[in-house]
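Novice: Chain by chain, the residues:
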Amino acid sequence: MNLETLYQKVYAGGRLSPEEGLFILKNHQLLDLGGVANDVRHRTNPRRHVTFVVDTNPNYTNICNVDCIFCAFYRHEGEEGGYTYSVDQMIENFKRSAANGVTTILLQGGVNPKIPFEYYCEMVERTVREVPGVTPHFWSTSEIIGMSQVSGLTVPRVLQRLWDAGQRTIPGGGAEILADRVKRKISHLKGSSADWLNVMRDAHKIGFKSTATMMYGHLETDEDIIEHLESIRKLQDEYHGFTAFVPWSFKPGNTPLEKIIPRYATPMRYLQMIAFSRVYLDNFDHIQASWFSEGKKTGQIALHFGADDFGGTLFEENVHAAANFVNKTNIDEVLQLIHDAGFIPAQRTTLYDVLRVYEKAAAA
Amino acid sequence: MTIKFRDPFLHPIWTKIQSGERLSLEEGLALYKTDDLISLGKMANFVQCQRSGDAVYFVLNQKIEHTNICVLSCKFCDFAVKKGDPAAYEMTTEEILSKLTPEIHEVHITGGMPADWPWERYLDIVRSVHQQFPHADVKAYTAVEIDFFHKKFKLSIEDVLRQLKAAGLRTMPGGGAEVFSERARKLLFNQKIGAKTWFEVHKTAHKLGIPTNSTMLYGHVETLEERLIHMIKLREAQDETGGFLTFIPLAFQPGDTGIKPRDQFTSAIDDLKTIAVSRLMLDNIPHIKAYWVMLTEEVASIALNFGADDMDGTVGQERIAHDAGATSPMKLAKDQIIKIITDAGKIPVERDVYYNPLNVYAENVIGKIPYLNSVPFYHHFEQRQFKMLPVAPRRMGLLEEKGQIAAGLFSLMDYYRQEEQLDLLRWCIATRDQVKSVMLFSNHGWRDLDGKLIGITDDTATSVKLLEVLLEEKYNVSATFRRLTTGVNDYSAYDAVLLIGDEALHANKFGLDTFELVYDLAKEWYDWQKLPFVFAVWATKKSLPASMKDELGEIIEHSLNESGNRFGEIGELAGRRIGLTKSEVEDYLAGFNYSLGERERESMREFRQLAGRVGKMAKHTPPL
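Those protein sequences? They're chains A and B, same order as listed. Numbering-wise (our numbering), the first sequence opens with residue 1 and increments by one. Numbering-wise (our numbering), the second sequence opens with residue 1001 and increments by one.
If you're looking for bench data, these hints aren't it; they were derived computationally from the structure. Glycine included, C-beta positions come from ideal geometry on N, C-alpha and C. Some hints here could point you the wrong way.
As the list claims (entries may be wrong) - Derived CB-CB ranges, DEER-like:
(1) B/1477 x A/2: 52 to 62 Å
(2) B/1009 x A/154: 21 to 31 Å
(3) B/1514 x A/2: 51 to 61 Å
(4) A/1 x B/1403: 50 to 60 Å
(5) A/26 x B/1587: 58 to 68 Å
(6) A/237 x B/1187: 32 to 42 Å
What the hints assert, rightly or not - Simulated pairs of lysine to aspartate or glutamate, DMTMM-like, Cα-Cα distance not exceeding 25 Å:
(7) A/9 x B/1382
(8) A/9 x B/1007
(9) B/1033 x A/32
Said to hold, decoys possible - Stretches of chain A that chain B covers, calculated by requiring three or more beta carbons in the stretch to come under 8 Å of a beta carbon on chain B:
(10) 71 to 83
(11) 213 to 223
(12) 266 to 279
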């Protein structure tokens, strides 16, 4: 095996095997891999558009029984600082966001067994009815499994109820690393890799679209990363239900995992992940640069390393903020960042349909 | 090397870069305007690797800002205050000394310009720091401050610098350059010195043997053309003096300066392009620094693959950038810097103020002699699992002593000193008769050098011994040796100067200072002993696994075979940098023998014996 042959294979439209992927991951030069990824990006999405979504990321509860050691957000039932909002409160929140131009509401919370299943269905249904123009992009796989446990319904039934209530997309969080060796250590109560993949498969089968995420930079090896990407690539072959892949790095601040992993993964590693996933995930249309978790400057650079989406404007971001990683921005700034990186900003929906292209640069 | 360009305009530029030709302003603009960021990075990284191999340098330094009181009121600065301001401070020399820690290698001193400090106070700071912390090199006072001293204390710029040098000044920061555009200066820094004075100060420093740094403040009102003109002016000055060590692009921090909105930082793409373009335009400045305090840590680490080969280590305090809102943490721990550099795929090299390597924090590092005469070893060198550190012979020996070099072309004396730790390979650098790159430039004939002062290049471990042997054994005289510093020197203080490598080749062709006599040490040896002279031998650490030794042997063999006798071709680029034509390169390289044969071994034995007679084969390089 040598890198040049493997890159030629990618240029010719061939698919990399896990062994080939691992060889690249372990042996590449960043700029070479970045150049290949950038070419694949332009082959997949020839326009110089970089999409973004105007979204918000509120939380309805922070009470959670899953105890992931990488999380600084959750509280236990009865613990100081714990909260659960009513559907009314959340709908008010969504309306305020909609008035600010938000089109996607990424709603997640803890896995709180005190919340009845009806709460979730009502949240979806009322959002669709009362907050038009907004896509409810709700609940991680863990929460969906939680709903199944609370309601006694199977996961497919839960998903069908949410679909019937009007939900069409689900966020791809909670995947962390789909390698059970690692998952057991960092989120032992959150379920196995198969749980995440099964929920996603059930959802895609019904017609849901979702993103796929990956959190790296903790205990995983390159082999684990390949296992993760291979799993989602296989699933994507089945239903093409993933809209985009979103890698982000673990943020150690205020988490139990901080003691083991004291440092942030470097921007170099992030660019590797962006570029490599673009090259490996040949059946994904979009790779998202998550500026809110990696920093604006790294986000800009990632657009030259294979990413074609800049994620959301995120009016609220409580999970990362709790880990001392606050990175606020707004639409104008996102436009400016994309423009300064040398691309044309295009606002999109949750489903990646373009709403508006900002040809004339940013509103500086 | 082939690059798959997305931007066809880059093709002709890449051809020029590969053949070492200088880029024009228009070409610089094409580089800035390209959308093909990665290809730009690859080109810059290519040049970076040619110069620095896999090394990224860092210095452990501390910054002292002795006062924030300043007679100037520059728009972009929100550090300076007026006397009487509640935030005003002035540090005594004692306070300054109390802030320094012994581990550092560089003390960076700049500050405001108060109206009432006497000249002696500035000298005293430098002198005291130098005396109390002899291992820390003093980098002090920007050109703006030097010009202020010159005017306020009615001393010529040269006298100001001479006195500072005598007090212990080693190098100068590059600040105050801002951008060399009168238009921008009038808009933003009309109280600061212009390009003319800035260059006058720096060139004077270079003449006195004080190397300096250069900077460019970008991301305010300047145009891309003005940035390129700035770089070209620096390039021209460097052609004249050779005294600039590094170029540091400084991203403008808007802060409360009112020039730009507070949060409007330069884009990461502009930052990386500026690093890359400066690496490609400044073909004669050795290093490009990623100044993380202003670039942010995230961009600085990526910049290490876009042309930057230098980072700041452990800055104690960074008031000027920080007050204006730089978001980097106040302090990067040494291991953090090492991790950033390692993750960038480079080798972290702790350096001194002259960029001499002090410590290497990586495994499997090969010491590479960065001279034209060694090109046949490296031109087709496939690194595989090895990393490459270009390093002058004597410095390689010092690193080997610390066990930090896995293998390399060691200066013969260093090989002897560490024979017990090293395994000799089958290759060397030996002369046939003359060499043209181990030269004594002198005002006196051999026999008249008795008792005279000879400046010795910092690079040499073996040639200096050869000189000693020749003086004492062949001519029966004895001179005093003193080490020169790496880079610029004031040669007028010496009766003769010993140079080696490319520096010697260049001086041999173009002359050195006012020296009239030139002696080739290898020729002196040959005429005397009728033997070749072995300057360096390939050796590996004994502890290196056998498989790696074998691999290295294969790599060297392969490289020499590939290079064959096409010396003109393979050495052309390196030769052009020192002003040699292709045929001169060819002649020069044909004068070497790269295999360690019986005659070479005989010469080594003979020299070892003579060297033992003139001085002890001491554990450390003899104090000179």
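Novice: Decide, hint by hint, whether the structure agrees.
Specialist: Now the hints, each set against the structure:
Separation of residue 1477 of chain B from residue 2 of chain A is about 59 Å and conforms to the stated range, judged on CB atoms against 52 to 62 Å. For the hinted restraint 21 to 31 Å between residue 1009 of chain B and residue 154 of chain A, the CB-CB distance of approximately 59 Å leaves it violated. Between residue 1514 of chain B and residue 2 of chain A the Cβ separation comes to about 56 Å, which falls inside the hinted range of 51 to 61 Å. Distance hint check for residue 1 of chain A and residue 1403 of chain B: the Cβ-Cβ separation is about 34 Å, which falls outside the suggested range of 50 to 60 Å.
As the Cβ distance of residue 26 of chain A to residue 1587 of chain B is approximately 45 Å, the hint placing it in 58 to 68 Å is violated. Take residue 237 of chain A and residue 1187 of chain B: their Cβ atoms lie about 59 Å apart, and the range 32 to 42 Å is violated. Only pairs whose Cα atoms come within 25 Å are accepted, and residue 9 of chain A paired with residue 1382 of chain B is accepted, the gap being roughly 24 Å. Taking the CA atoms of residue 9 of chain A and residue 1007 of chain B, the gap is about 22 Å. The hint holds against a cut of 25 Å.
Our distance criterion of 25 Å between C-alpha atoms is met by residue 1033 of chain B and residue 32 of chain A, whose separation comes to about 21 Å. Figure legend: the stretch 71 to 83 of chain A, annotated as covered by chain B; annotation inconsistent (0 residues with Cβ-Cβ distances under 8 Å, at least 3 required). Residues of the stretch 213 to 223 of chain A with a Cβ under 8 Å from some Cβ of chain B number 0, which does not satisfy the need for three, so the listed coverage is violated. Counting residues of the stretch 266 to 279 of chain A whose beta carbon lies closer than 8 Å to any beta carbon of chain B gives 5, which meets the minimum of three for the stated coverage.
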